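**Q** Take a look at the letters that make up each chain.
Number of protein chains: 2
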Amino acid sequence: MGGDFAPQAPVAGALLALAELPAPLEIQLVGPTAVIESQLAALVAGEFALLAHVRDRIIIVEAPDVVSMTDKPAAVLRSKPNSSMSVGLRRVAEGHADAFVSAGNTGAQMAASTVLLKLHAGLTRPAIGTIFPTAHQPVLVLDSGANVDCSALELVQFARIGATYAQDLLGRSAPAIGLLSIGEEPEKGNAVVKEAHQLLLQSGLNFIGNVEGRDMATGTCDRGPIDVVVCDGFVGNVLLKFYEALAPTLIGMVASHAGLDRRELRRGLHQLDADEYGGAPLLGVNGVSIISHGKSSPKAIKNAIRVAQRAHDSDMTAHIRRRLAESVPESNIAPPGTAA
Amino acid sequence: MGGDFAPQAPVAGALLALAELPAPLEIQLVGPTAVIESQLAALVAGEFALLAHVRDRIIIVEAPDVVSMTDKPAAVLRSKPNSSMSVGLRRVAEGHADAFVSAGNTGAQMAASTVLLKLHAGLTRPAIGTIFPTAHQPVLVLDSGANVDCSALELVQFARIGATYAQDLLGRSAPAIGLLSIGEEPEKGNAVVKEAHQLLLQSGLNFIGNVEGRDMATGTCDRGPIDVVVCDGFVGNVLLKFYEALAPTLIGMVASHAGLDRRELRRGLHQLDADEYGGAPLLGVNGVSIISHGKSSPKAIKNAIRVAQRAHDSDMTAHIRRRLAESVPESNIAPPGTAA
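Sequence order for the protein chains is A and B. Take this note's numbering: the final residue in the first sequence is number 340, and no numbers are missing along the way. Take this note's numbering: the final residue in the second sequence is number 340, and no numbers are missing along the way.
Simulated from the structure, these hints should not be mistaken for laboratory data. Hints may be right or wrong, so weigh each one.
In this list, chains with the same sequence are indistinguishable; a pair is considered to hold if it fits within one copy or across any two.
For lysine-lysine, the following DSS-like pairs were computed, each having C-alpha atoms within a straight-line distance of at most 30 angstroms [claimed, not checked]:
id: 1; residue 1: Lys194; residue 2: Lys241
id: 2; residue 1: Lys299; residue 2: Lys194
id: 3; residue 1: Lys295; residue 2: Lys188
id: 4; residue 1: Lys72; residue 2: Lys188
id: 5; residue 1: Lys295; residue 2: Lys72
id: 6; residue 1: Lys118; residue 2: Lys188
None of these values were measured; they are calculated from a predicted model.
Just chain A, with the same shape it has in the complex (with noise of 0.2 angstroms):
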């Protein structure tokens, strides 16, 4: 039920994506059965009359709440327990799904996220992790918005966290980490950052030192192409929604002033379109849960469900989990069976 345009979206999408991926791939539709009845009803009785055959691998989930964009996102857990959220997050952490996909209140995704599946050990907080595309190759940006306010540390864990996702999902071989900063120099950047830089230099990672604003048009800086980009949440939210916004108001731009349809220009550079890649891993949950934009399309559903099926598949949470706990000092994680 999440989304500017559920259930439409979430429902198309979820046909979409079993028409891609093989069975014994299934999907569970969480919300109010009767409504995700009609409209797969609606769906495959018309424009998804093609797609009739994967009706029968998805299974409804009873969910009769409904999480706002308007509810707190702290108190959606207690006060909507049988929202399409709780319920369907509830499902990974017992283990009767593989993982979650919303395009619903990204605070109360997040919130209820992280109580459920629960924080890897020695986290503070989870991270959103988004792909930027630029004149190279994609980028994965984080943290996007979980973490206004974030330590050097809390950098740190977000470098190591979005190492491991740059591995599993985007293929890359000790991926190239960049601090996002003002000026290349170490003695560059806020107070935050400053720290960072010489936490991330003793890491064990893959670290090329600062980036700044241009190297993430680029996607590449004068030491190498850039596969990661770490950032607190309040810098990578404003630059994601000026990306958002500023890639279509360019090619508007463009198309007015060369005569081109507008539509057509954009559908060629689809390398540019958000829905291409879907959705935003929560990343540090033990869990998959990808977090899509609330004007998500069925396509840009449809990839999320990609996203969250290569997370699974490349056991993605329990790589972090184990590089995060490399990392930590072992007096400073408590043996198993004692309380936190």
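Place chain B on chain A using the hints.
**A** Quick look at chain B alone, frame taken from chain A:
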């Protein structure tokens, strides 16, 4: 002598500016006399022969030292008292020039401007104001890199300074001020931004609330067009460099996709050309100091000189000083003649 293409670009830019701006306006070129004279002679004998008539409105001011991009900003005034930076700004401070323009070391220009021109009463730091072209009208963004860690009070000072600049140089009446954040609601943002939001509500400015990254691309939000965006210099600088690199990147991608000539397209979309805006004023000091990009072309220098001329003619500096003074409780301003 400042910038990657000095002395050619500044000298050529001065000739171009004089051709557009009527007498009695004169330009003082500050640097090693012999170098400037030979550059002037070469340009007037060759490419700029048609501008030979403006040569007598150029005065050369001897300054033998040259500030490099690696010089420590804070030390330049002491270590190189006879650099073009130090000598040029001293001309303004002592009333022998009305404005200063440089494409040299930004940090050095900031530090030297602060020491020689002095900050307005009530200010703790100057700010750099840059123009972002948008789908709507150009928007002034400040701070774009002078201050990496800002307090809420400093963000409010930037808003006051920016409002005056938008009025005097962009011709906006009652400029609409937005505070950059990650959501429209007052409770969205990092700690400093949330505090600044409350202070701005009581500032007497035309504060339209938080704006987001996407609003900086469109130049408007659901509360109307935006004239000024306030942010700290870390975020502002990252965004500025991202934009500067992304616009040509996207135009290049469109050009190669649509089989268009890249240069032709960039010329056509001149509103996206940073050279059109020329220079960013260092705001908050008692005098006009315009910071140009290190990569400034002659055209960019010419436009920076035009920004300087408009700043001087509109009496922007006095207006900013007055607006700041009105906003500071009287007890905070020392009476004339007493020590600060």
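**Q** One pair to classify: Lys299 and Lys194, alpha carbons no more than 30 angstroms apart. Within, between, both, or neither?
**A** So Lys299 and Lys194 fail the 30 angstroms test inside a copy (40 angstroms) and across (36 angstroms) alike.
**Q** Evaluate Lys118 and Lys188 at a C-alpha cut-off of 30 angstroms and name the case that applies: within, between, both or neither.
**A** Close across copies (24 angstroms), not inside one copy (35 angstroms); limit 30 angstroms.
**Q** Can you tell me if Lys72 and Lys188 fall within 30 angstroms by alpha carbon in one copy, between copies, both or neither?
**A** Classified as between; 12 angstroms across copies, 37 angstroms inside a copy.
**Q** Between the shortest in-copy and the shortest cross-copy C-alpha distance, which are at most 30 angstroms for Lys194 and Lys241: within, between, both, or neither?
**A** both (25 angstroms within a copy, 19 angstroms between copies)
**Q** Given identical chains, is Lys295 near Lys72, meaning Cα to Cα at most 30 angstroms, within a copy, between copies, both, or neither?
**A** within (20 angstroms within a copy, 48 angstroms between copies)
**Q** Using 30 angstroms as the alpha-carbon threshold, which applies to Lys295 and Lys188: within, between, both, or neither?
**A** Intra 37 angstroms, inter 20 angstroms, cutoff 30 angstroms: inter-copy only.
When each numbered hint is compared with the structure, a violation occurs for hint 2 only.
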